[in-house]
Amino acid sequence: MKKNLSSIIQKYTMLIVFLALVAVFSLIKHEFFSITNFKNILTQQAYVIIASMGLAFVMISGGMDLSVGYQMSLVGVITSISMMWAKLPVAAAVLIGLATGIVLGIFNAFATIKLKVHPLIVTLGTMTIFEGISYIISHSNPIFNLPVSFKFLGQGQIFGIPVCVIIMAVIVLIASFILNRTYFGRYVYALGSNEEAAHLAGVNVNLIKVLIFAICSFFVAISSILLTARSGSATSAIGVGTEFTCMTAAVLGGVSFKGGSGKVSGVVIGVLILGVLSSGMQIIGLGTYPQYIAKGVVLLAAIGLDNYQKDSKMREAEKRIGA
Amino acid sequence: MEPVLSLRNITKVYPGVMALDNVSIDFMPGEVHALLGENGAGKSTLIKVISGAISPNKGEIVVNGTSYKKLTPLESRTAGIEVIYQEFNLIDSLSAAENICFGTRYGHLVDFKKMNEISRKLFEQFKIDIDPAAIVENMTPAHKQIVEIAKSVSKNCRILIMDEPSAPLTVDEVGIMFDIVRRLKAQGVTIIYISHRLEEIFEIADRVSILRDGRYITTKQVKDTDRADLINLMVGRTLNSNYPKRSSPIGSEALRIEHFYGNGDKDISLTVHKGEILGLAGLVGAGRTELARLIFGADRRARGDIYLDGRKASIHSSFDAISQGIGLIPEDRKQQGCFLEQAIEWNIAFNNIRNLSKNGIVNRAQARQVGEEYGKALSIKCSSLSEDVKNLSGGNQQKVVIAKTLATNSKVIIFDEPTRGIDVGAKQEIYMLMNDLAAKGIGIIMITSDMEELLGMSDRIIVLSEGKLSGELTRDQFSQNAVLDLASR
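Just so you know, the protein sequences line up as chains A and B, in that order.
In short: position in the first sequence from 1, add 293, done, that's my numbering.
In short: position in the second sequence from 1, add 47, done, that's my numbering.
Simulated from the structure, these hints should not be mistaken for laboratory data.
Glycine is no exception: its CB is placed at the ideal position from the N, C-alpha and C atoms.
Mixed in with the good hints, there may be bad ones.
To be verified - Partial chain B-side listing against chain A, Cβ under 10 Å, derived:
| hint | residue |
| --- | --- |
| 1 | Ile138 |
| 2 | Leu156 |
| 3 | Val157 |
| 4 | Phe159 |
| 5 | Ile227 |
Chain A extracted, bound-state conformation (with noise of 0.2 Å):
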């Protein structure tokens, strides 16, 4: 029971962080406290909580994505290219660019099963293949002046909302959905909880890994889509480094590295935590790179109560068969 309460207070934990937060550099600068301020950090983030969404169903069975951002790259190049090139309407490109991060991301998961690796290892692999082809795609040059229509789902507002919140709404909505109420998404929890469980439960391990990786490929792709929207052009640089960012954030909300444990509503408050680091330390004064140091210190941090969380169970585990 008394453990049940700690990890009650770790949730909250990073919501009183983040207020807390809000609420420090609220002090420091009037102008941080403002609707217009929050619609900017909420726009800003609505494609890297996306991605989280993704990375997160990678995260609880016990996986990783390295190749996000690569990922990211491929999809909005190829998307941008069928509309310009191509010359295929809007819709057609989004559905080919949806498409072609499910691929990519079933060609992670065969790999991963064919190979019998880390999907860490992995995905260290396939980023680089994903850069190559991006890069060679998009001959290194970026692509302008994206159709209108197209720049609405990055750039637009519907009553006043921005259409990427929205869609980052409905993403999150979803995300939760499966992972709480569908077989499938409990199937996630196992295996990243204790995979022979599963498979000696009958739970076709290998089937639910490629749904995983088409998942998180798939909100992936919709990420990249919405983040070469509101930038207005495609180059093959754009998303790099995203999984970072991403993996920061799940750990912050109580995604563990092991597997088997996170909630979405954790998730969403760890990239709000540090899109109100990384707003905050702009309206200060502070330059991009004192943020990467930022950035860094609370991986490191979340990490450490991560591991520091699992010993003392494990503790007061031995504790107990000792007595």
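Since the structure of chain A is provided, determine the placement of chain B on it from the hints.
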């Protein structure tokens, strides 16, 4: 009455060892049938055959009237056979109810209400109060075990195999577990109960079958037997007295530990004398290796003093231990004893590398010399000393590990299962080696699960049971029965 499960002439052979030799046992419906035997008697192998994890080389398994040459895990589960292992097979991040119902689908979406209801009914049956929605990770081992039992019951198991179920439980919790077992029995479930705790067998079991060295000995009604009888049946073999004779004198105290606590061991005190081989016996999990690691400084002890040569010593790390003359030949030579990918001479010199280096640079010539010296002394069979250790036979690998320790001029050496997995010829060589070391005045602590080796090589025996010192035997008190009796208290 027809048996619900019949094992007929089950034989399982592994390279070099006959794990099961023509074992036949009948299990009746609604009985609690205990399976008893020493370490290595074949209990685990038998369970794996029943659950379908492995296939026997010969024999048949008859369950529910159908005969099988071998079972797949799925066939075993379909036949109603469920196993609860010591380590539990639960999914920690899900709730009790989800674990119990895992694998079955009630509708398209997860129906928490229905799963909680099913689980609640099961817990009611057991008269246990557990919240079905509670996350397993936060549960006590006792509750986790009840969830495991509930899981098996929900799958309509007819034969429940419990492997050392009382290991993680306190005394009160064992009582609760027994109540559940009795309830299941009343429902007609057959329970195959594996435990080395004889008192439990007398309390809960109806019949008990004894295995020894892979062979089936007999089955008895629990009410028709007693502790001494069971122990006799477990060990009753003629001893092979083919151990090199020794007559070296035993000197003064070499190593003494007092009131050691740590790693699950409580209040252990013992003394090893110069030239003595002290056998350290006990069942798996009794805490022998744990004690060895505490003495060697590999794990930090919570409490306790250690004396070398009569003087108090400060040992807080394996570095301290080695530099003060304590050596450890670990249980698992591949994982803990040597560096498989490295050359023999590299391995032998390793523990002593500092003394072979000047200003941090290793004196290769000197290291090689040390390697040659010990390689010859121990007759390590190899094409050259620069051969990788992984290419050596088990026996020779073990010799490399011993050489590594000898090269540090130890005064006390702890051997943890020194001849495990080694052929008969190499075993003899290692016994002679141990005798030579003892003759030189080195004190030896020998941890072994091999009864013959224990009785044949030791001057004195100390028996551990569940982390505590159970007793000591002097040479004239040596007997298999005495050892096993102390080990299973």
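Verification of the supplied hints:
| no. | hint | result |
| --- | --- | --- |
| 1 | Ile138 | 5 Å, holds |
| 2 | Leu156 | 5 Å, holds |
| 3 | Val157 | 6 Å, holds |
| 4 | Phe159 | 9 Å, holds |
| 5 | Ile227 | 20 Å, violated |
Figure legend: structure checked against the earlier numbered hints; the only hint not met is number 5.
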